[in-house]
Amino acid sequence: MTGMVTFDDEKEEKELAEVKEEEEEDLIQTLALRYGLPYINLVPLPVETDALRLVPEAEARKAMLAPFALLGKKAGIAVFSPHTDAVRATLERLAKAGFEVSPHMASHKSLAKVWDRYKDLSSASETSAGAVALGASEMARATAEVKTLQDAIPLIQKVMGSKEPNRISRLVETALGVAIAIDASDIHLEPEETYVTLRFRLDGILQEALRFDRATYALMNSRIKLLSGLKLNIREEAQDGRFSVHLPSSAEPERALGGDADIEVRVSALPGAYGESIVLRILNPKSISVPLESLGMHPKLLAVIEREISKPNGMLLTTGPTGSGKTTTLYAFLRKIHTPGVKIITIEDPIEYHLPGIVQTQVEKEKQYTFASGLRSALRQDPDVIMVGEIRDEETAETAINAALTGHLVFSTLHTNNAAGTFPRLIDLGVNAKTLTSAINLCMAQRLVRKLCEHCKKEEKIPEKEKVRIETALKGLPTDIEAPQKEKYWTATAGCEKCNGTGYRGRTGVYEGILANSVIEKVVRENPSEREIAAAAKPQGIPTMVEDGVLKVLAGVTSFEELQRVVDINA
Numbered sequence: 036m037t038g039m040v041t042f043d044d045e046k047e048e049k050e051l052a053e054v055k056e057e058e059e060e061d062l063i064q065t066l067a068l069r070y071g072l073p074y075i076n077l078v079p080l081p082v083e084t085d086a087l088r089l090v091p092e093a094e095a096r097k098a099m100l101a102p103f104a105l106l107g108k109k110a111g112i113a114v115f116s117p118h119t120d121a122v123r124a125t126l127e128r129l130a131k132a133g134f135e136v137s138p139h140m141a142s143h144k145s146l147a148k149v150w151d152r153y154k155d156l157s158s159a160s161e162t163s164a165g166a167v168a169l170g171a172s173e174m175a176r177a178t179a180e181v182k183t184l185q186d187a188i189p190l191i192q193k194v195m196g197s198k199e200p201n202r203i204s205r206l207v208e209t210a211l212g213v214a215i216a217i218d219a220s221d222i223h224l225e226p227e228e229t230y231v232t233l234r235f236r237l238d239g240i241l242q243e244a245l246r247f248d249r250a251t252y253a254l255m256n257s258r259i260k261l262l263s264g265l266k267l268n269i270r271e272e273a274q275d276g277r278f279s280v281h282l283p284s285s286a287e288p289e290r291a292l293g294g295d296a297d298i299e300v301r302v303s304a305l306p307g308a309y310g311e312s313i314v315l316r317i318l319n320p321k322s323i324s325v326p327l328e329s330l331g332m333h334p335k336l337l338a339v340i341e342r343e344i345s346k347p348n349g350m351l352l353t354t355g356p357t358g359s360g361k362t363t364t365l366y367a368f369l370r371k372i373h374t375p376g377v378k379i380i381t382i383e384d385p386i387e388y389h390l391p392g393i394v395q396t397q398v399e400k401e402k403q404y405t406f407a408s409g410l411r412s413a414l415r416q417d418p419d420v421i422m423v424g425e426i427r428d429e430e431t432a433e434t435a436i437n438a439a440l441t442g443h444l445v446f447s448t449l450h451t452n453n454a455a456g457t458f459p460r461l462i463d464l465g466v467n468a469k470t471l472t473s474a475i476n477l478c479m480a481q482r483l484v485r486k487l488c489e490h491c492k493k494e495e496k497i498p499e500k501e502k503v504r505i506e507t508a509l510k511g512l513p514t515d516i517e518a519p520q521k522e523k524y525w526t527a528t529a530g531c532e533k534c535n536g537t538g539y540r541g542r543t544g545v546y547e548g549i550l551a552n553s554v555i556e557k558v559v560r561e562n563p564s565e566r567e568i569a570a571a572a573k574p575q576g577i578p579t580m581v582e583d584g585v586l587k588v589l590a591g592v593t594s595f596e597e598l599q600r601v602v603d604i605n606a
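If you read the sequence shown in this note's numbering, its first letter stands for residue 36, the second for the next number, and so on.
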């Protein structure tokens with residue numbers, strides 16, 4: 036029997052079309068290298084509706100180009116051929132309108148995908164370029180539906196499973212809306228070999244929300260990069276970007292942000308074994324608008340601080356690891372002393388929160404604007420108060436010390452474990468020990484502990500073993516400070532709706548401080564250890580971090596377990 040060959044014309048045409056598309060993509064990539072332009076495949080990427088408004092559909096089709104991204108005044112335009120008269124005319128028009136155009140080369144298939152989105156323009160509302168606009172109705176729904184992290188999971192899954200064309204944009208917005216609703220400080224997207232983990236940081240602790248597929252993550256990755264101004268085609272290098280979330284006041288009635296709020300989101304992309312790990316840090320203005328009196332300082336230390344920040348000159352240093360609340364403390368200082376008659380200049384890296392009435396500048400290493408050069412420039416502006424984000428090197432340390440000695444009040448941070456470590460650290464940086472204590476008014480150290488949830492915390496009798504440790508920790512407590520009681524403490528239970536099921540809600544600080552008085556001055560000149568400085572500071576009567584923390588445990592503010600996580604009780 037003779038074998039018969041059958042032809043499936045439709046299938047062959049489809050395969051031929053796919054081969055042609057692949058060949059065209061390869062050709063465009065080659066031409067992009069020749070022209071020195073980046074190549075982009077827009078098929079898997081989300082297209083920003085606001086970008087489409089830059090070029091009318093008829094003009095885009097005629098010129099064989101497609102606007103696909105818009106961040107502030109930076110516009111991403113895909114072109115099939117960069118040197119036609121029509122393309123030049125469109126790019127020149129956009130440049131004259133003040134846009135910084137970034138041309139990419141793309142295939143017919145990519146352009147067609149963008150052109151197809153023009154039909155969505157009629158129903159889309161315009162948003163502020165470079166910002167995610169979370170509408171009042173959407174945020175009202177998020178705050179109504181999401182009270183805990185567990186509430187957020189089905190909402191995120193629902194958006195993930197939808198078939199809407201703007202699914203990925205909605206997914207990013209939903210994740211941001213959820214984070215704001217539950218007061219999360221960070222969103223983490225972490226790719227593994229076969230899945231991606233979504234986690235939120237609540238009160239300093241990461242909480243896993245859900246795991247989802249890598250294909251969805253790839254689209255989210257591109258959307259986040261477009262929003263934050265990161266390069267789409269770079270995946271093997273770390274990148275940092277930012278965008279803002281516009282949040283109408285009506286969307287967050289209980290949080291009283293005071294009018295429309297722009298919440299900054301800082302984005303970090305880091306290459307890993309299975310793809311880029313992305314972290315979105317949410318800088319909500321309300322998280323740092325904490326009055327000095329509400330930071331959780333012991334009344335004795337608070338009284339000392341209020342006295343020292345009212346002085347016309349000198350330096351106040353706060354120390355602690357990253358994430359210990361130093362920035363919040365410094366901003367509380369600034370708000371406390373800020374009046375129309377006081378000129379305040381800050382040098383930050385980066386500017387995390389904008390404060391009205393204060394001149395804030397940002398370190399830019401590419402332009403040689405460092406903490407040291409920024410501080411020198413700030414001194415020429417006749418300031419009364421200067422805030423230096425961090426003292427990292429000898430030049431910054433010396434300039435800051437000199438500023439404090441010449442009639443300026445200086446606030447800054449330093450990386451040491453405790454207040455006593457401030458003096459040896461500055462001496463290591465080359466500061467003269469004789470001028471050190473003349474410049475410094477007060478050095479502090481701080482950590483953040485989670486506060487027990489008032490709705491579900493559980494009272495317990497202190498076990499004998501832990502009672503001994505508490506007694507030991509309070510052995511050196513100043514005689515004029517009494518513990519509230521020593522028989523019971525409180526622990527975190529399984530949690531409730533109010534605390535996202537964690538047993539904790541919100542955070543407070545544990546602090547210590549050392550005044551640079553004549554006793555400390557004498558000790559510092561003898562090249563002392565931290566222990567010797569701490570002993571010399573004991574008569575000042577300010578509780579140490581351990582003492583402050585234990586007092587908070589006995590008052591039911593935090594748990595003994597939480598304090599041990601943050602502070603070495605046995606130190």
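These are calculated hints, taken from the structure and not from any lab test. C-beta atoms are modelled at their ideal positions from N, C-alpha and C, and glycine is treated no differently. There's no promise every hint is true.
Think about it this way: if two alpha-carbon atoms lie no more than 20 Å apart in a straight line, the pair counts; the simulated EDC-like pairs of lysine to aspartate or glutamate are [what the hints assert, rightly or not]:
1. K371 / E299
2. K108 / D120
3. K402 / D384
4. K154 / E228
5. K97 / E127
6. K469 / E567
7. K523 / E567
Pair by pair, the computed Cβ-Cβ distance ranges are [what the hints assert, rightly or not]:
8. K109 / K378: 31 to 41 Å
9. P189 / A529: 12 to 22 Å
10. R504 / K346: 52 to 62 Å
11. P385 / G465: 38 to 48 Å
12. G465 / S116: 55 to 65 Å
13. R560 / A273: 57 to 67 Å
14. K533 / G511: 34 to 44 Å
A quick look at each hint next to the structure:
1. K371 / E299: Violated - the C-alpha atoms of E299 and K371 are around 24 Å apart, more than 20 Å.
2. K108 / D120: Measuring from Cα to Cα gives roughly 23 Å; hence the hint is violated.
3. K402 / D384: Roughly 14 Å between the alpha carbons, so the hint for K402 and D384 holds.
4. K154 / E228: violated (38 Å)
5. K97 / E127: With a Cα-Cα distance of about 16 Å, the restraint between K97 and E127 holds, given a limit of 20 Å.
6. K469 / E567: holds (17 Å)
7. K523 / E567: It is violated: about 34 Å lies between the C-alpha atoms, which goes past 20 Å.
8. K109 / K378: 31 to 41 Å: With a Cβ separation near 34 Å, K109 and K378 satisfy 31 to 41 Å, so the hint holds.
9. P189 / A529: 12 to 22 Å: Between P189 and A529, where Cβ atoms are some 21 Å apart, the hint holds.
10. R504 / K346: 52 to 62 Å: violated (38 Å)
11. P385 / G465: 38 to 48 Å: Since the Cβ atoms of P385 and G465 sit about 26 Å apart, the hinted range of 38 to 48 Å is violated.
12. G465 / S116: 55 to 65 Å: Roughly 59 Å apart at Cβ, these two residues keep to the hinted range, so it holds.
13. R560 / A273: 57 to 67 Å: Because 44 Å falls outside the window, the suggested range is violated.
14. K533 / G511: 34 to 44 Å: Hint holds: Cβ distance 37 Å, inside 34 to 44 Å.
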